[in-house]
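The opening residue of the sequence shown carries number 210 in my numbering; numbering runs sequentially from there.
Bear in mind the hints are in silico, worked out from the structure with no lab data behind them. Treat the hints loosely; a few may be bogus.
[Claimed, not checked] Cβ pair distances, simulated, as ranges: (1) 450 with 225: 25 to 33 angstroms; (2) 320 with 367: 39 to 47 angstroms; (3) 289 with 494: 45 to 53 angstroms.
[To be verified] Distance condition first, Cα-Cα at most 16 angstroms in a straight line; then the derived EDC-like pairs of lysine to aspartate or glutamate: (4) 349 with 367; (5) 443 with 403; (6) 349 with 504; (7) 288 with 273; (8) 349 with 226; (9) 349 with 324; (10) 349 with 386.
Ideal placement from N, C-alpha and C gives every residue a C-beta, glycine not left out.
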Amino acid sequence: MVDEATLSTVDDPALLESIRTSADLAVVGADAEPAARSFNRQSGTWLYDIPGHGVEQLTDIFIEHCRTHGFDARLERQKPRVAHRERVEHAVRVGGSEFIMNGVPVVAIGDLPPDQEITVMATSRDYGRIGVRWESISLKVRSTQPASTRLLGHVGVDAARLSLIDADGLGTWQHEEPIDGRADVAFWGRSVQEAVTCFGASLLANPGEDEVYGWANLAVNEAVDCAIALQEWKQAVPERTIAVDFRPHSHHWQVMAEVRAAEHEAGVIEVGGTRTMCLMTSWGDGLFPVATDHDTDGHLVQIRIMLGDPERQARLEEMHDRFSLD
210 MVDEATLSTV DDPALLESIR TSADLAVVGA DAEPAARSFN RQSGTWLYDI
260 PGHGVEQLTD IFIEHCRTHG FDARLERQKP RVAHRERVEH AVRVGGSEFI
310 MNGVPVVAIG DLPPDQEITV MATSRDYGRI GVRWESISLK VRSTQPASTR
360 LLGHVGVDAA RLSLIDADGL GTWQHEEPID GRADVAFWGR SVQEAVTCFG
410 ASLLANPGED EVYGWANLAV NEAVDCAIAL QEWKQAVPER TIAVDFRPHS
460 HHWQVMAEVR AAEHEAGVIE VGGTRTMCLM TSWGDGLFPV ATDHDTDGHL
510 VQIRIMLGDP ERQARLEEMH DRFSLD
């Protein structure tokens, strides 16, 4: 359940152990649903990705909560842990909802037609001094008119990009592990020409990237050595400024190549026999509301991801005004 490559960046042994021993808890008992709803920690009757050091404390808090409100409910630790594919199924059974995946909220929904392509439409808006940005993303399912709306939850973004992925595709997605055993190393920045002279790297000339140098299609071990050498060279002299990007040939690498090359920063690839889209939010990181619109018969018409709102606009305008040189 935990990506060891991600854990390799954690230096604190206690934190590392807490992540490795994270638990998934189910709320069970006659009053499981009202108890979970009033406890209001995560959606539904599940508590995913609870750090190992916090399981006992959270359990005690839940026991006290149930005692105070008269609920007949308890927490049960799930062994083995709940796979991401199974978490999707739990969310779909209740009509779609938010759930936690690797500590980040995502949203899953069913009732999508398996025999037709789904149109994805983005609506942009000029936000004045912070420029044109996406206001919303819509996945069109039916052509009927929306009559009601339901908020499913929020999707968390911590790397400025969103993925629209089928549950079967999610089960085969390789985020860091190279599919072909190969990797690229890219670098750019103020000291790029000095680094090129030192290491003999070449211009990568990837669509959508300017002045990015490095090496393409290396064996993974060789690519790791190159990336480490670049980092050590950079750190040896504080005045040297470059960014180094290690790019294993994973699904993430595939789709990001499409994103960088696209005018609107969106790309589509095949994963596990399904089509997966990745797109940049244009707002950076954050929590973005996800809602469904239904027609008068209750059928799903569209799914909407709301990216731009007055509060987000105000925060970005404040940052713009603080750091702008205009």
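Just to be careful, I want the Cα atoms of residue 443 and residue 403 compared with a cutoff of 16 angstroms; is the pair within it? Holds, at roughly 10 angstroms.
Starting from residue 349, check that the Cα of residue 367 is at most 16 angstroms away, please. 26 angstroms, violated
Given the proposed pairing of residue 288 with residue 273, does the C-alpha separation stay at or below 16 angstroms? Since the Cα atoms of residue 288 and residue 273 sit roughly 24 angstroms apart, the hinted pair is violated (cutoff 16 angstroms).
With the threshold set at 16 angstroms, check whether the alpha-carbon distance from residue 349 to residue 324 stays at or below it. OK: residue 349 and residue 324 at ~14 angstroms, within 16 angstroms.
Is the hinted pair residue 349 and residue 504 satisfied, with a Cα-Cα distance of at most 16 angstroms? 13 angstroms, holds
45 to 53 angstroms was suggested as the range; check whether the CB atoms of residue 289 and residue 494 agree with it. The hinted range 45 to 53 angstroms is violated for residue 289 and residue 494, with Cβ atoms some 31 angstroms apart.
Tell me if the straight-line CA distance from residue 349 to residue 226 falls inside 16 angstroms. 43 angstroms, violated
Assess, step by step, whether the Cα of residue 349 is no farther than 16 angstroms from the Cα of residue 386, and give holds or violated. 33 angstroms, violated
If you check the beta carbons of residue 450 and residue 225, does the distance land in 25 to 33 angstroms? 31 angstroms Cβ-Cβ, so the 25 to 33 angstroms window holds.
Is 39 to 47 angstroms a correct range for the gap between the Cβ atoms of residue 320 and residue 367? 28 angstroms, violated
Hint check: violations occur at hints 2, 3, 4, 7, 8, 10; the rest are consistent with the structure.
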